[in-house]
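**Q** Keeping their order, the protein sequence lines are chains B and W.
In this text, residue positions in the first sequence follow the numbering used here: the first is 104, and each later residue adds one.
In this text, residue positions in the second sequence follow the numbering used here: the first is 5, and each later residue adds one.
Some clues are possibly wrong.
Said to hold, decoys possible - Label pairs and their in silico Cβ distance ranges:
hint: 1; chain 1: W; residue 1: N50; chain 2: B; residue 2: K282; range: 32 to 40 Å
hint: 2; chain 1: W; residue 1: P74; chain 2: B; residue 2: H281; range: 39 to 47 Å
hint: 3; chain 1: B; residue 1: H281; chain 2: W; residue 2: T8; range: 42 to 50 Å
hint: 4; chain 1: W; residue 1: L66; chain 2: B; residue 2: G341; range: 23 to 31 Å
hint: 5; chain 1: B; residue 1: S370; chain 2: W; residue 2: L66; range: 49 to 57 Å
hint: 6; chain 1: W; residue 1: L66; chain 2: B; residue 2: V171; range: 47 to 55 Å
hint: 7; chain 1: B; residue 1: K282; chain 2: W; residue 2: F22; range: 29 to 37 Å
To be verified - Think about it this way: if two alpha-carbon atoms lie no more than 27 Å apart in a straight line, the pair counts; the simulated DSS-like pairs of lysine-lysine are:
hint: 8; chain 1: B; residue 1: K283; chain 2: B; residue 2: K453
hint: 9; chain 1: B; residue 1: K282; chain 2: B; residue 2: K453
hint: 10; chain 1: B; residue 1: K346; chain 2: W; residue 2: K62
hint: 11; chain 1: B; residue 1: K348; chain 2: W; residue 2: K67
If you're looking for bench data, these hints aren't it; they were derived computationally from the structure.
This one's a predicted model, so the numbers in the text were calculated from it and none came from an experiment.
Cβ coordinates follow ideal geometry from the N, Cα and C atoms, glycine included.
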Amino acid sequence: MNVSVVATGHTQFGKDPRGIGDIMIDACNQALETVPMDEIDAIYISNFSSSFANQCHLPSVLASKIKVNKEITRVESACASGGVAFKEAAIAIRSGLYNNVLVLGVEKMTTTPINHSTRIIARAASQEEMDHGATFPSLYALMAQRHFFEYGTTEEHLAKIAVKNHNNALNNSNAQFHKKITIEDVMLSKYVATPLKVYDCSPITDGAAALVLSSKEKSSEFTDKPIHLIGIGHDVRGIELYKRKNLTSIPAVGFAAQKAYQMSGLSSQDIEFAEVHDCFTIAELIQIEDLRLCNKGDGKKLIENGETEIGGRIPINPSGGLKAKGHPIGATGISQVVETVTQLQENSGKNQISNANVGLCCNIGGTGGTAVVSIFSR
Amino acid sequence: MIWTLYSFTQVFIPLEPFTEQYSIGIAENDRNERIVVQIKEKNGANLTIGTKGSVSYKDIELKSVAVFTPV
Numbered sequence: 104m105n106v107s108v109v110a111t112g113h114t115q116f117g118k119d120p121r122g123i124g125d126i127m128i129d130a131c132n133q134a135l136e137t138v139p140m141d142e143i144d145a146i147y148i149s150n151f152s153s154s155f156a157n158q159c160h161l162p163s164v165l166a167s168k169i170k171v172n173k174e175i176t177r178v179e180s181a182c183a184s185g186g187v188a189f190k191e192a193a194i195a196i197r198s199g200l201y202n203n204v205l206v207l208g209v210e211k212m213t214t215t216p217i218n219h220s221t222r223i224i225a226r227a228a229s230q231e232e233m234d235h236g237a238t239f240p241s242l243y244a245l246m247a248q249r250h251f252f253e254y255g256t257t258e259e260h261l262a263k264i265a266v267k268n269h270n271n272a273l274n275n276s277n278a279q280f281h282k283k284i285t286i287e288d289v290m291l292s293k294y295v296a297t298p299l300k301v302y303d304c305s306p307i308t309d310g311a312a313a314l315v316l317s318s319k320e321k322s323s324e325f326t327d328k329p330i331h332l333i334g335i336g337h338d339v340r341g342i343e344l345y346k347r348k349n350l351t352s353i354p355a356v357g358f359a360a361q362k363a364y365q366m367s368g369l370s371s372q373d374i375e376f377a378e379v380h381d382c383f384t385i386a387e388l389i390q391i392e393d394l395r396l397c398n399k400g401d402g403k404k405l406i407e408n409g410e411t412e413i414g415g416r417i418p419i420n421p422s423g424g425l426k427a428k429g430h431p432i433g434a435t436g437i438s439q440v441v442e443t444v445t446q447l448q449e450n451s452g453k454n455q456i457s458n459a460n461v462g463l464c465c466n467i468g469g470t471g472g473t474a475v476v477s478i479f480s481r
Numbered sequence: 005m006i007w008t009l010y011s012f013t014q015v016f017i018p019l020e021p022f023t024e025q026y027s028i029g030i031a032e033n034d035r036n037e038r039i040v041v042q043i044k045e046k047n048g049a050n051l052t053i054g055t056k057g058s059v060s061y062k063d064i065e066l067k068s069v070a071v072f073t074p075v
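Okay, chain B solo, but in the shape it has when bound:
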C-alpha cells in the first residue's frame, strides 16, 4: 500500500466534561507531537452525528482550534465513519496527492439524554425497521436469536465475551471501564432486548482518537517504528436487516475481509490478533466467523477454549473493545487502528501480545451495512 501510521493520539474514553472541539484537539495534539502541523497536508474527521453535540461544521471548528488553514473533510458512515475516513486518507496518500494526513475521529455523546441518544443511533437503521420500534440492541438481538437457533450459541458464550473484554480494559488507561465483571454479573444484568442484556451492550461514550498517515518513504522522518497498512477492504450492502438472506452473518464483513486479505497477500491464518466491532457481544462472535478466524458457527468454541483471550491463539479486542474501552461512535474506527498500532509497536504494557507482527481491524456501521477491514504489519 505504501502507507504507514507514524503517530497516534487518544483521549481517555468515558464521560468527558470538555466540549467536542476540545476533545478532538486533545487527540490531535498528541499525534502532532510526532508530526508537526506544518507537515500535515490534509485532515479527515470521522464523526457520526451532529445531533449529539449540535455542531454541523466540525472541519471549521477544528480550523478555529488549530489556527491554521488546511483541507479538512468530515466523513460519515454511521459507526464505520472512522474506518471509511481512514480508507479515504490512505487512498489520498497512495495516490500521491498528499504526503502526510491527519485522521481524527470524535463523538461527544454523554450530554444527550438517553432516550434521545437511542433515537439518534437508531437513525443508522432502516426507516422501516425504526417505524416498527427497532432499536440497535433489538436488531443485534434478532441476529443473536437466530445464531442461537442455528448454531447452539448461548447467552453464556456472549457473557464470556463481555467478561474477557472487561478484563482487557482493566489494563488500558484509555478505557471507559476499569471494572472486572463475572459471568454471573452479566447473566444477572437486565435485559435490553432478549437475549441481550446490559452487559452485552457497549456504552454511550465521549472521546477522540487521531493518527497520522504518511507515505512509506516519508515515515522514517517521523518515527523508527512505523506501522504499515498492508491491506484494506471496504464494502457496503443494503441497510435493511430483515432483507438479509442470513441473519447469522454480516456479508459486508466477509467481502471487505476478502479484499483486505487479497491486497495484503495474507490469509486469515496469518492474523495474530484483531480489534473487532463489538458494539454488542454477538457482533464480536459473528465477526470472528465472518473474518474466517474460525469456521461458521464455531465462534463459540474459540470462546469456550479461551482462544480469543490475550495469550490465546487469536486474541480479540485486547484493548477491551467497544464493550469496555467505550464506543464514541465517530472515534471508534480510528481508536481501533490506534490500539492495533500500539500493539505492533509493542507499547501495550500488560496487554502486550508477544511477538505480534500482523493485526487486523474490523469496523462496521449500522447492523453491518458498511464494513471496513484493515490489516497492519510492523
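Starting from the structure of chain B, add chain W where the hints point.
**A** Below, chain W alone, put in the same frame as chain B:
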C-alpha cells in the same frame, strides 16, 4: 396468509413514540418473503422461532406498522 417468525426479540427500552414494551420480529411467508413486524406485549410471551401467526397493519403517527399476532 400464514406468517412464520424467523427471529424475534422482546424490547425492554421502547423507541419513541412507543411507550409500552413490545417485541420486534422478522416474519416469513410461504413465498420466502420477509417483513419486519411488531408484536404486542400481551402476545410476546412464549414466542419461539417458527411461531406461526397472522399479520395486520395499523397506522402509528402516519407510519404503517405490520403487527404479528400468533395463532
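**Q** All hints, please: hold or fail.
**A** So, going through the hints one by one against the coordinates:
1. W:N50 with B:K282: 32 to 40 Å: holds, 36 Å
2. W:P74 with B:H281: 39 to 47 Å: Taking Cβ atoms as reference, W:P74 and B:H281 lie about 45 Å apart, which means the hint holds.
3. B:H281 with W:T8: 42 to 50 Å: holds, 46 Å
4. W:L66 with B:G341: 23 to 31 Å: Cβ of W:L66 to Cβ of B:G341: about 24 Å, so the range 23 to 31 Å holds.
5. B:S370 with W:L66: 49 to 57 Å: holds, 51 Å
6. W:L66 with B:V171: 47 to 55 Å: Holds: the Cβ-Cβ distance is about 48 Å, inside 47 to 55 Å.
7. B:K282 with W:F22: 29 to 37 Å: holds, 32 Å
8. B:K283 with B:K453: holds, 15 Å
9. B:K282 with B:K453: The given pair, whose Cα atoms are some 16 Å apart, holds under the 27 Å limit.
10. B:K346 with W:K62: Holds: B:K346 and W:K62 sit about 21 Å apart, inside 27 Å.
11. B:K348 with W:K67: holds, 25 Å
Checked against the numbered hints given earlier, the structure satisfies every one of them.
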